[in-house]
Amino acid sequence: MTEIKLTLAKALNTALRDAMELDDKVVVFGEDVGKLGGVFRITDGLQKDFGEHRIWDSPLAESGIVGTAIGLAMRGYRPVVEIQFDGFVFPAFDMIISQLAKLTFRSQGAWKMPVVIRIPFGGGIGAVEHHSESPESFFCHIAGLKVVACSNPSDAYHMLRQAIACDDPVVFFEPKRRYYDKAVVDVSATGEDYFTSKTLTQGQTCTIASYGPSMPVALAAAEAAAAEGRSLEVIDLRSLSPLDLGPVVESVKRTGRLVVVSEAPRESSISSDIAARVTEEAFYSLAAPVLRVAGFDTPYPPAKLEEEYLPSLDRILEAVDRTLSY
Amino acid sequence: MTEIKLTLAKALNTALRDAMELDDKVVVFGEDVGKLGGVFRITDGLQKDFGEHRIWDSPLAESGIVGTAIGLAMRGYRPVVEIQFDGFVFPAFDMIISQLAKLTFRSQGAWKMPVVIRIPFGGGIGAVEHHSESPESFFCHIAGLKVVACSNPSDAYHMLRQAIACDDPVVFFEPKRRYYDKAVVDVSATGEDYFTSKTLTQGQTCTIASYGPSMPVALAAAEAAAAEGRSLEVIDLRSLSPLDLGPVVESVKRTGRLVVVSEAPRESSISSDIAARVTEEAFYSLAAPVLRVAGFDTPYPPAKLEEEYLPSLDRILEAVDRTLSY
Amino acid sequence: MNSDSQSTEPVMTGSEDSAGKVADGDALSPGHPQTAGAAAARSAAGTTGSNRPAPEIMRGLRATASAPDQISILSPEGELTAHPDYPLDVTPELVRGLYRDMVLVRRFDREGNALQRQGQLGLWVPLLGQEAAQIGSGRAMRPRDMAFPSYREHGVAWTRGVDPVDILGMFRGIDHGSWNPAEKRFGQYTIVIGNQAPIAVGYAMGQRLDGAIGDDENAEASIVYFGDGATSEGDIHEGMVFGAAFSAPVVFFCQNNQWAISAPLETQTRVPLYRRANAYGFPGLRVDGNDVLAVLAVTKWALDECRTGNGPVMIEAFTYRMDAHTTSDDPTRYRLADETESWRLLDPIERVKAYLARNGLADAAFFDQVQVEADELAARFRAHCVELEPPTSERMFSRVYTDPSAQLAAQQAEHEEYQAGFADTEAVSR
Amino acid sequence: MNSDSQSTEPVMTGSEDSAGKVADGDALSPGHPQTAGAAAARSAAGTTGSNRPAPEIMRGLRATASAPDQISILSPEGELTAHPDYPLDVTPELVRGLYRDMVLVRRFDREGNALQRQGQLGLWVPLLGQEAAQIGSGRAMRPRDMAFPSYREHGVAWTRGVDPVDILGMFRGIDHGSWNPAEKRFGQYTIVIGNQAPIAVGYAMGQRLDGAIGDDENAEASIVYFGDGATSEGDIHEGMVFGAAFSAPVVFFCQNNQWAISAPLETQTRVPLYRRANAYGFPGLRVDGNDVLAVLAVTKWALDECRTGNGPVMIEAFTYRMDAHTTSDDPTRYRLADETESWRLLDPIERVKAYLARNGLADAAFFDQVQVEADELAARFRAHCVELEPPTSERMFSRVYTDPSAQLAAQQAEHEEYQAGFADTEAVSR
Ligand SMILES: Cc1ncc(C[n+]2csc(CCOP(=O)(O)OP(=O)(O)O)c2C)c(N)n1
Ligand SMILES: Cc1ncc(C[n+]2csc(CCOP(=O)(O)OP(=O)(O)O)c2C)c(N)n1
Ligand SMILES: [Mg+2]
Ligand SMILES: [Mg+2]
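As they're listed, the protein sequences go chains A, B, C and D.
Here our numbering is used: the first residue of the first sequence is 6, the next is one more, and so on.
Here our numbering is used: the first residue of the second sequence is 6, the next is one more, and so on.
Here our numbering is used: the first residue of the third sequence is 145, the next is one more, and so on.
Here our numbering is used: the first residue of the fourth sequence is 145, the next is one more, and so on.
Source of the hints: derived by calculation from the structure; they are not laboratory data.
The beta-carbon is built from N, C-alpha and C at its ideal position, and this holds for glycine as well.
Hints may contain errors.
As the list claims (entries may be wrong) - Capping the alpha-carbon separation at 30 Å, the derived lysine-lysine pairs in DSSO-like fashion look like this:
(1) A:K10 to A:K30
(2) A:K53 to A:K30
(3) B:K40 to B:K30
(4) A:K203 to A:K187
(5) D:K328 to B:K309
(6) A:K309 to C:K328
(7) B:K187 to B:K203
(8) A:K117 to A:K30
(9) B:K40 to B:K53
(10) C:K328 to B:K117
(11) B:K258 to A:K258
(12) B:K53 to B:K30
(13) A:K309 to B:K258
(14) B:K30 to B:K10
(15) D:K328 to A:K117
(16) A:K10 to A:K187
(17) A:K53 to A:K187
(18) B:K117 to B:K203
(19) B:K309 to A:K117
(20) A:K309 to A:K187
(21) A:K30 to D:K328
(22) B:K53 to B:K10
(23) B:K30 to C:K328
As the list claims (entries may be wrong) - Restraint-style ranges between C-beta atoms, simulated for each label pair:
(24) B:T195 to A:D172: 41 to 47 Å
(25) D:D547 to B:E312: 27 to 33 Å
(26) C:E361 to B:S193: 41 to 47 Å
(27) B:L27 to C:A550: 25 to 31 Å
(28) D:E327 to B:E312: 30 to 36 Å
(29) B:E312 to A:D172: 30 to 36 Å
(30) C:L238 to D:D482: 55 to 61 Å
With the sequences and hints as input, model every part of the structure.
Here is the structure:
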C-alpha cells in the first residue's frame with residue numbers, strides 16, 4: 006500500500022506520470038500542456054521530466070489534436086490528449102464520432118484505438134461561456150467510445166490509469182470544480198475494475214445515482230437526509246458508457262425509488278437513459294418514477310446564475326420528497 | 006384547397022420554391038444544390054429559376070456552410086442549407102452548438118437565427134458508411150435548436166414551410182428512404198402548427214410513438230396488429246425538440262403502454278428521453294415500462310445487415326407483445 | 145512581383161526568399177528525433193544540386209518588430225514616414241484622437257485587471273500592448289461597416305461606440321455581453337476560437353447580396369478579428385475559403401500578439417501568417433501592429449478594397465500581448481521578462497505621444513486632459529461594475545428561443561415553483 | 145526564387161505573377177451583385193497607382209492540362225523529356241510495369257461499374273482517368289511507407305498489394321473494406337472528407353518519433369490522398385498545420401480531378417491548389433497527373449524529402465475524373481461532353497502505350513498479354529463479388545470495442561434471442 010494525500014488534480018498528474026514511466030508509448034499532448042503544464046496544471050512538470058518527445062504543445066486545433074492522436078495510436082502509441090475546456094471539444098466532434106469511435110469496428114480490430122481524451126467538465130467555477138459545460142451525453146450516444154467521469158482523487162488516479170491501459174478510446178471527464186478536493190490515494194496497483202458503479206452509502210429510502218462533480222453534493226444530501234431520518238443509497242456511476250447498471254437496478258429493487266443527478270441538460274441525456282433503462286429492468290419495484298435532477302434545457306447560464314442551474318443539495322432532497330409523495 | 010399528388014422529395018422542392026417566391030430573403034445553399042439540384046434532387050430546378058444569388062453551391066466545408074448561414078441570418082436573410090448526408094453534419098457540429106443554437110440566447114434576442122439545416126437521414130437505402138445515420142438525438146440535447154422530422158409528403162411540405170418561417174434555427178430531418186413515397190398534398194396555407202405530435206390511428210392496446218422513416222413501419226405494424234385483434238394508437242411526433250408530449254401522455258393514460266420507435270442508437274437518445282418523461286407524467290397509468298425499439302448501440306452496420314438493425318414491423322410487434330406480458 | 149525588399153506590396157503570390165536561410169526541423173519540433181544524415185540523404189538522392197529555396201523560418205521572429213515586409217508609418221521613436229501605397233491624411237486632430245482613444249482604452253483595461261483582482265470580476269482579458277492594432281483598425285471602419293471580434297477587442301468595441309461598461313457583464317457573470325451587436329455593428333465576443341470567421345464571411349456575403357458594395361457612400365464591408373493561435377483552427381481556413389469563393393467584402397484581421405496562451409507563434413506556423421492569404425488568392429499584408437497610423441492606413445485601404453468588390457484582404461498586425469493571456473494566466477511560467485521588456489520599447493502609445501510632443505501638436509494641458517478623462521472613465525467603469533445586480537432566474541430561460549417553447553416554459557414554471565416552495569421552507573427552517 | 149518560367153521548382157514562397165491577369169469577382173461569384181464602379185472607386189481612393197499584383201484566376205483552367213508550373217515527363221503524345229529536378233531511371237521494365245498496372249486497374253474499375261449496374265454492388269466509385277496519378281504515386285512508395293486513402297484510390301490499393309476483390313465488400317455492403325490496413329500499410333477508405341489528413345500526420349509523427357526517418361533503408365514516410373474539393377475542409381488545413389509544426393514525414397497528395405461531384409474547381413479556389421503549401425512553409429508542386437512517369441518521379445522525390453526529415457511536401461496531381469462521381473451520379477447535369485472529350489486526348493494509358501510502341505519497348509504480344517491478364521483479373525473480381533456472402537448478425541456487434549462490453553453483449557443476446565424466437569414463429573406462421 007502506497008497511500009498519499011493528494012488533490013484530485015495532483016492525482017491525475019501522478020497517474021499520467023506513473024503511466025508515462027511504465028510505458029514509453031504513452032504520449033501526452035494538447036494546448037498548453039507543455040511548459041505551462043495545462044491551464045489546470047494537470048500536466049505540471051511532465052515535460053521537464055519526460056521531454057518534448059513525450060509531451061508537447063499542439064497547434065490550436067482540436068480536430069488536429071484528436072486526428073493526430075488517432076494516427077499515433079495506429080503507430081502503436083497510447084496518446085492522452087487534453088481538451089482545454091468542455092466547450093472546446095466540439096471542433097473535434099467529427100473526428101471523434103466518424104473516426105476515433107468507429108475505426109476498431111470498421112477495421113474489425115485491425116486498428117486498436119488506445120486514445121484517452123481528457124476533458125475538464127462541468128460548472129461551478131464562475132467562468133465565462135463555454136467553460137462550464139457537461140457534454141458527456143453526446144459521447145454516451147456514440148457507440149465505440151468509453152465515457153467515464155471521476156469524482157474523487159482516488160478514482161481520478163485509478164480511472165486514468167485504467168483509461169490509459171485500455172485499448173479502446175476513452176473520453177475521460179474530470180470534474181474541474183473538484184480539482185482541489187484532497188483525499189488519501191493508494192497508488193499501488195489494485196487490479197480492480199474502476200469503470201463500474203460504486204455504492205458509496207447504503208440506504209433504504211431512495212437511491213441516488215450520480216457521477217463527477219455532483220457526487221459530493223449527493224453525499225451531502227444523503228447526510229442531510231439522514232438527519233431527517235431518511236437513508237439515501239448513493240451510487241457513483243463512474244463509467245457512463247458502457248454503464249454498469251447492475252448495482253443501480255439492484256439498489257432500486259430495494260429502495261423502490263431513484264433520483265439521477267447530473268449537471269447536463271436533461272433532454273436526450275444520459276440521465277434520461279438511466280431512467281428509461283432502470284424503469285425497464287425494475288418496473289415492478291418502482292414506487293415512483295425515476296426523477297432527474299439535472300441542468301435545465303437551456304444554454305449554460307451566466308455564472309451568477311449557475312448555483313441555481315446546478316443540481317444542489319436542496320434540489321436533490323426536493324426530488325427525494327417528490328419520489329416519496331407517490 | 007390546392008391538392009396535388011407529390012413525392013416527398015417533390016413536396017420539399019415545392020416548399021422551397023414557394024418559400025423562395027414568397028420571400029426573397031430566403032436563400033438556399035450547400036454542396037451540389039445548384040446545377041445538380043442536390044444529390045437527391047430536392048433543389049432541382051431552383052437555381053435555373055431563381056438564379057445564383059438565391060441558390061448557390063458552397064465550397065465543400067460544412068462548418069463554413071453553417072457559419073455563413075449564421076452571418077447571412079444576421080444580415081436579414083433566411084438561409085436554408087443542405088447537409089448532403091446525415092453523417093456529414095458533424096464537421097458543422099461545433100458551429101451549430103456553439104453559435105447557431107446559442108446566439109439568440111447570448112444576445113437576448115438581438116440576433117434572430119432563422120436558419121434551416123436540411124438533413125436527409127436514416128438508413129434503408131443500401132448505402133456505404135456515414136450515409137445512413139440518425140443523429141437527431143445529438144441535436145435534441147442542444148438547447149436553442151428546434152429539431153423536427155417529417156414522415157410523409159404533406160408534412161414534408163408544410164413542416165418545411167413552417168421551418169423556413171420560423172425565427173429560430175431548425176434542424177430539419179428528411180427520411181431519405183421515403184423520398185419517393187407519394188401522396189396528396191394540399192399546398193394551400195392552413196395556419197396549422199405542424200411542429201406537434203399527430204395521432205394517426207386510434208387504438209386501445211398500446212401506443213406507438215415514432216417519427217420520420219419509421220412511421221410507415223409503425224403504421225404497417227398497427228395494421229398487422231389489427232388483424233390479430235389488437236389496436237395500436239400510432240403517433241407521429243414530428244417535432245422532436247421541443248417535443249409535444251401532451252398527446253403521447255394522453256394516449257398512454259388510455260392505453261397504459263408505450264413503445265417508442267426510432268432508428269437511432271438507444272443510449273442517451275430521444276427515445277430514452279420520451280420514455281423517461283412519459284414515465285414521470287403517466288406513472289400510475291403505465292401497465293408496463295416504456296419500451297424502445299431502436300437501433301443498437303453499435304455503429305451503423307454494413308448495408309446488408311441494415312434490415313436487422315432497423316426497427317421492423319416484427320420488432321415493433323414483439324415489443325408490443327412484451328408490454329402486454331407485464 | 146518585384147524583388148525590392150523595401151516594397152511592402154500586399155503579397156499575392158508570396159515573396160522571394162534569401163538563399164541563406166535553411167530549414168531546420170529541430171527548431172520546429174524540439175525533442176522529436178532528427179535525422180543527422182538528412183542533408184546527406186538528400187544529396188544521395190541526387191536532389192541537392194537543384195537550388196530549391198528553403199522555407200523561411202520563424203525562429204527569433206518574436207524578438208523583433210522590424211520583420212521584413214512590414215508596413216509602418218510611425219516609428220517606435222515617433223518619426224513619421226508616409227507610405228506611398230497607404231496614404232493617410234495625418235492631421236493633428238486625427239493623431240490626438242487616436243492618442244486619446246488608446247489612453248482611454250488602456251486605462252479601462254487596467255481597471256478591468258484591478259477589478260478582477262479585487263473579486264469584482266470573474267475574469268478579465270487584457271489588451272495591453274494591442275491598443276494600436278485595435279484602435280487603428282477600429283477607426284478605419286465606416287459607421288455601416290460590421291466588425292466581428294474575438295474576446296480581447298475592447299479597443300475595437302470602443303471605436304464602435306460600445307460603452308466599456310457594457311463589456312463588464314460577461315466578465316462578472318451576469319450576461320454574455322450587454323451591447324446590442326446589430327445596432328453597434330459590433331458582434332458579441334466569440335470565445336470558441338475561429339467560429340467568428342465563417343460567420344463574418346456570411347455577413348459580408350449578405351452585404352454583397354444586398355448590393356451594399358461599390359463606390360456609393362452607403363457601401364459596406366466587414367472585418368473579423370482573430371489571433372495568431374486561431375489561424376490553426378479549421379474555421380479560419382473555411383472562412384478564408386468561403387471569403388475568396390464569394391469575393392466577400394471582408395477583412396481578415398489577425399492580431400499576431402506572438403502568443404496563444406503559452407504557445408509561441410512557432411507552435412502554429414513556420415512562415416509569417418500574412419502569407420496565408422496567398423493560398424486563397426487574395427492580398428495578405430503585415431503591418432506594424434504597434435503603429436496606430438500604419439494600422440489605420442492599411443485597414444482603411446483593405447476595407448475600401450472590400451467595399452468596392454475586391455475582397456477579401458488579410459492583414460496581420462504584428463504586435464505583442466504585454467500582459468498575461470487573462471487574469472487567470474501566469475506568463476512567467478513560459479516566457480522571459482526580457483522579451484516583454486524589449487517590446488516595451490515599442491509601446492504603441494508612447495510613440496504617438498512622442499510624435500505629438502516633438503512636433504508641438506499637443507501640449508501638457510492636452511495630455512493632462514486626456515489623463516483626467518481616462519481616470520473619469522475608469523471611475524465610471526468601476527462604479528458601474530460594483531453596482532451590477534445579478535440577474536434573476538428568469539434570465540436563465542429567456543430567449544432560448546425567440547418564441548418560448550411550452551416544454552421550456554414548463555421547466556421554468558417548475559423551477560419557479562420549487563424556488564418559491566424553498567423560500568417557504570427557508571422561513572420555517574428545514 | 146528565380147523567375148524563369150521554365151522552372152518547375154517546388155514553390156516555397158509563391159511564384160511570380162504576370163501583370164496582365166486581373167481579378168474578376170464576377171467569374172468567382174456568378175450571380176452575386178457586382179460593383180460596376182469598383183475600379184473607379186479604387187482609383188478614387190488613390191490606390192490604383194500602385195502596381196499591386198492581382199491574384200491569378202482559375203478561369204479556363206480546366207480545359208487544359210498544360211497549366212503553368214506543371215511538371216511533366218511524358219507528353220500526351222508519348223514523348224519523353226527527362227526532368228532535371230526529378231530524375232528517374234526510366235527502364236523499359238519500369239514503363240511496362242506501370243503500363244500493366246494502369247491497364248489492370250482500369251479493367252477492374254470498369255468491372256466495378258458493371259457490377260453496380262447489374263445490382264451486384266450498391267455503389268462503385270470509379271477512378272477512370274486517374275490511373276497515372278494513383279499508380280505513379282503508389283509505386284513511388286517503399287514497402288514500409290504508409291498510405292492513407294480517401295475512397296477512390298483503388299489504384300493506390302493495387303500498388304500496396306491489396307487484392308482488388310478486398311475492395312468489393314464495402315461497396316456490396318458486407319463490410320467496410322476487407323484488407324488489413326496495418327499489414328498492407330494502406331489505410332481503410334475514408335468517406336468523411338478530410339478526416340484522413342490529421343490522422344496521416346499523426347501516423348507520420350509516429351514514424352518520426354520512432355526514429356524511422358533518415359537515410360537508413362528502414363526509413364519511412366507517409367502519404368495522404370484527397371481531392372480538390374476536400375481542400376476546403378478544415379481538416380485538410382489542420383493536417384497541414386500539424387504536418388508543418390512537427391516536420392512530419394508526410395506527403396499531401398491532392399488528386400485535382402477538376403470536380404467535386406458537380407462543383408468545378410472554381411467553387412473551391414481562385415488560385416492553383418499546390419500554392420496552399422506556401423501558406424504553411426513547405427514545398428508545393430503541381431505535376432501532370434496523367435503522366436505516370438512525372439507522378440512517380442515527383443512523388444519519389446517528395447517521399448524522400450519526407451523520409452530524410454524535410455517533410456511535409458504537397459503535390460497537386462492535375463488530372464480529370466473521366467467518369468461520373470460515383471455510379472449514383474449523373475454528370476450530364478453539370479458538365480459538358482466537350483470538356484471530357486478534350487481530356488480524353490490526354491489519356492494516361494494511351495501515352496505510355498505510344499511511348500512503348502514507338503520506341504520498340506513492347507510488342508503486340510506484350511500488349512495482348514496484359515489484356516489477357518486484365519480480363520482474368522476482371523473475371524476473378526466478378527466471380528468473387530457475386531459469391532460474397534452477407535454477414536451474420538454477429539458482425540453487427542463485433543469489435544465495437546476490443547473487449548466486449550456487458551451492456552452490448554446483453555443487447556446482442558437479446559437480439560439473438562428475438563431472432564431465434566422469430567424463427568420459431570416463422571415456422572408456425574405469425
Ligand atoms: C476552440 C477553442 N479551443 C481552445 C480555446 C482555449 N483558448 C482560449 S484563448 C486561447 C489562445 C488563443 O490564442 P490567439 O488566437 O493567439 O489569441 P490571443 O488570446 O493571443 O489574443 C485558447 C487556446 C478556445 N477558447 N476555443
Ligand atoms: C464531410 C463530407 N461532406 C460531404 C461529403 C459528400 N461528398 C462525397 S464525395 C464529395 C466530393 C469530393 O470531391 P473531391 O474532394 O474533389 O474528391 P473526388 O470525389 O473528386 O475524388 C462530397 C461532397 C462527404 N463525403 N464528406
Ligand atoms: Mg495570440
Ligand atoms: Mg475532385
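Outcome of the hint check:
no.	hint	verdict
1	A:K10 to A:K30	holds (28 Å)
2	A:K53 to A:K30	holds (17 Å)
3	B:K40 to B:K30	holds (21 Å)
4	A:K203 to A:K187	holds (19 Å)
5	D:K328 to B:K309	holds (26 Å)
6	A:K309 to C:K328	holds (26 Å)
7	B:K187 to B:K203	holds (19 Å)
8	A:K117 to A:K30	holds (14 Å)
9	B:K40 to B:K53	holds (8 Å)
10	C:K328 to B:K117	holds (16 Å)
11	B:K258 to A:K258	holds (25 Å)
12	B:K53 to B:K30	holds (17 Å)
13	A:K309 to B:K258	violated (41 Å)
14	B:K30 to B:K10	holds (28 Å)
15	D:K328 to A:K117	holds (16 Å)
16	A:K10 to A:K187	holds (7 Å)
17	A:K53 to A:K187	holds (25 Å)
18	B:K117 to B:K203	holds (28 Å)
19	B:K309 to A:K117	holds (25 Å)
20	A:K309 to A:K187	holds (26 Å)
21	A:K30 to D:K328	holds (23 Å)
22	B:K53 to B:K10	holds (23 Å)
23	B:K30 to C:K328	holds (23 Å)
24	B:T195 to A:D172: 41 to 47 Å	violated (56 Å)
25	D:D547 to B:E312: 27 to 33 Å	holds (28 Å)
26	C:E361 to B:S193: 41 to 47 Å	holds (45 Å)
27	B:L27 to C:A550: 25 to 31 Å	holds (27 Å)
28	D:E327 to B:E312: 30 to 36 Å	holds (32 Å)
29	B:E312 to A:D172: 30 to 36 Å	holds (31 Å)
30	C:L238 to D:D482: 55 to 61 Å	holds (57 Å)
Checked against the numbered hints given earlier, this structure breaks hints 13, 24; the rest are met.
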